[in-house]
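*Asks:* Letter by letter, the chains look like this.
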Amino acid sequence: MFDAVWRNLPYLLAGYWVTVKLTFFALIGGITLGILVGLGRISKRKWIYYTVTFYVNLIRNIPLILVIFWFYFVMPIIVGRPMDPFPSAVISFIIFEATYFGEILRAGYQSVSRDLIQAAYSTGMTYWQTTRYILVPIAFRRMLPSMITQSIVTYQDTSLAFVIGLPELVRRTSIVDGLEVRSIQLFGFVAVVFFITCYLGSIVSRRFEVQKERGF
Amino acid sequence: MRLAYNFDWGVLWRAPYGVWLLQGIWLTIQLGLIAWIIALVLGVILGTMRIAPWPWVRRLATAYVEVFRNVPFLVQLFFWYFAGPMLFGQTLMFKINAISGLNYYVAIVGLGLYTASRVAEHVRAGFASIARDQFQAALSTGLTEIQMYRFVIIPYALRIIIPPLTTEFLTIFKNSSVAMTIGVAETTFMTYKIDSETFHGLEATTGAMVVYLLIGLGVVKLMGMIESRFRIAGLVGRK
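Protein chains in written order, with this note's numbering: chain A, 1 to 216; chain B, 1001 to 1239.
Honestly, I wouldn't trust all of these hints.
What the hints assert, rightly or not - Covered by chain A, according to a simulated footprint, are these stretches of chain B (three or more residues, beta-carbon under 8 Å):
1. 1065-1077
2. 1179-1193
3. 1198-1206
To be verified - To list a few chain A residues with every Cβ distance to chain B over 10 Å, as calculated:
4. L9
5. V18
6. L27
7. K44
8. K46
9. R114
10. L116
11. I117
12. R132
13. E209
Hints are computed from structural coordinates only; laboratory data are not their basis. These numbers were taken from a predicted model, which means no experiment stands behind them. Idealized CB from N, CA, C, for every residue including glycine.
Model the full assembly from the supplied sequences, consistent with the hints where possible.
*Replies:* Put into structure tokens, the structure is as follows:
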């Protein structure tokens, strides 16, 4: 039943490792840049706010595939030599996902009521204490479910690096399928791998969702 | 750093590339619109099923949503395109694979089925936001259960979820770019094709970005009109 998958398992698993690595770098970079984007979106300095807002609105209205292509075409010009698909994919994912993470962070920050901050100040807490003990813990708890969901989306999105020839799980599966022509079991296998991992992720996300509702 | 690159924006309009781009844009619009109709109809049905009084109906809809949300769209598309015809057995498979423009139909249906799972979630959330009193008020006027959904709850929920549906409508055009992986010659496919002929993919993709931004603006404008046309009296809507 799964003979073609079984025969090519080492090759497919090596592809899955590429998927995991790409997801890892995309998340680390995307969340780090996302923090800066989130800060930029609540900045009181007009030029920072407008620059970041332009960047966010631009990227969020463009298909990810196009962003991947664009960086694949532009990187060799900047670097001056042809670039491997992997670093090129990592850069496009960081630039793309940061806008989504940035908006989640901004929404989390803005969801904390101003009264609560005022109340913290009135108890004699300093700006940093308020941020450290009131703002960040509450905002963090509120945005955690969305952050996990967006991480799952990022993980699914890495399959799109297919288009620049990155040998991740889906690319390798389609290569194997070209030789074996066992599409049902091969693509079924990929679907099951993604389904199980993403479903587990969504369960975790839902648990934090419940916790969020309990907190204020 | 030296920019050893000569920009040639002419690839955006010079023959035959300009025509290719226009053909691509036309396909992107077709894919988005037709798949959107499928997604909307199926999404509303599934979303309603998720609050049905029969547990197995709810479970069926939940299973659909979970499966389609937790598998990347690219994988779904590959499955439908490569494995789909095989599911019908040998003889039918050859007939199906012989259909001209099969990838186009698969892309539309695949995109519709995928987006339906996302629409269903918004529909369910829309139902959840309607107060219980509304249901009871509808029943107390003598409407049957079916009539209550048909004339009160569904029209009400659909209006509430117009803003999230706008986002999904935007997303469907963006996701239609994935259809290039099965060879549908939409906008993104054409930019890649222009690159392989001219090595000026940068200009072509930049042009395509503008195209997607314009489509996005069009969608926002359209949905804004729909939203103000169907605004629920007494509710504070967006300006």
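*Asks:* Next step is simple, just say for each hint if it's right about the structure.
*Replies:* Checked hints:
1. Counting residues of the region 1065-1077 of chain B whose beta-carbon sits less than 8 Å from any beta-carbon of chain A gives 10, enough to reach three: the coverage restraint holds.
2. Given as covered by chain A, the region 1179-1193 of chain B passes the check, having 5 residues with a CB less than 8 Å from a CB of that chain where 3 are the minimum.
3. Against chain A, the region 1198-1206 of chain B contributes 4 residues with a C-beta closer than 8 Å to a partner C-beta. That satisfies the three-residue criterion, and the hint holds.
4. The Cβ of L9 (chain A) sits about 18 Å from the closest Cβ of chain B, beyond the 10 Å cut-off, so the non-interface label holds.
5. No beta-carbon of chain B comes within 10 Å of the beta-carbon of V18 (chain A); the shortest separation is about 15 Å.
6. The Cβ of L27 (chain A) sits about 16 Å from the closest Cβ of chain B, beyond the 10 Å cut-off, so the non-interface label holds.
7. No Cβ of chain B comes within 10 Å of the Cβ of K44 (chain A); the nearest lies about 24 Å off, and the non-interface call holds.
8. Against the 10 Å criterion, K46 (chain A) stays outside the reach of chain B, whose nearest CB is about 22 Å from its own CB.
9. At the 10 Å boundary, the C-beta of R114 (chain A) stays outside the reach of chain B, the nearest C-beta of that chain being 21 Å off.
10. Listed as a non-interface residue, L116 (chain A) keeps its Cβ farther than 10 Å from every Cβ of chain B; the least gap is roughly 24 Å.
11. Its beta-carbon lying about 26 Å from the closest one in chain B, I117 (chain A) satisfies the requirement of being farther than 10 Å from that chain.
12. At roughly 34 Å, the least C-beta separation between R132 (chain A) and chain B is larger than 10 Å, which holds for a residue marked as non-interface.
13. Even its closest Cβ contact with chain B, about 13 Å, leaves E209 (chain A) beyond 10 Å, as expected for a residue assigned away from the interface.
In this structure, none of the earlier numbered hints is contradicted; all agree with it.
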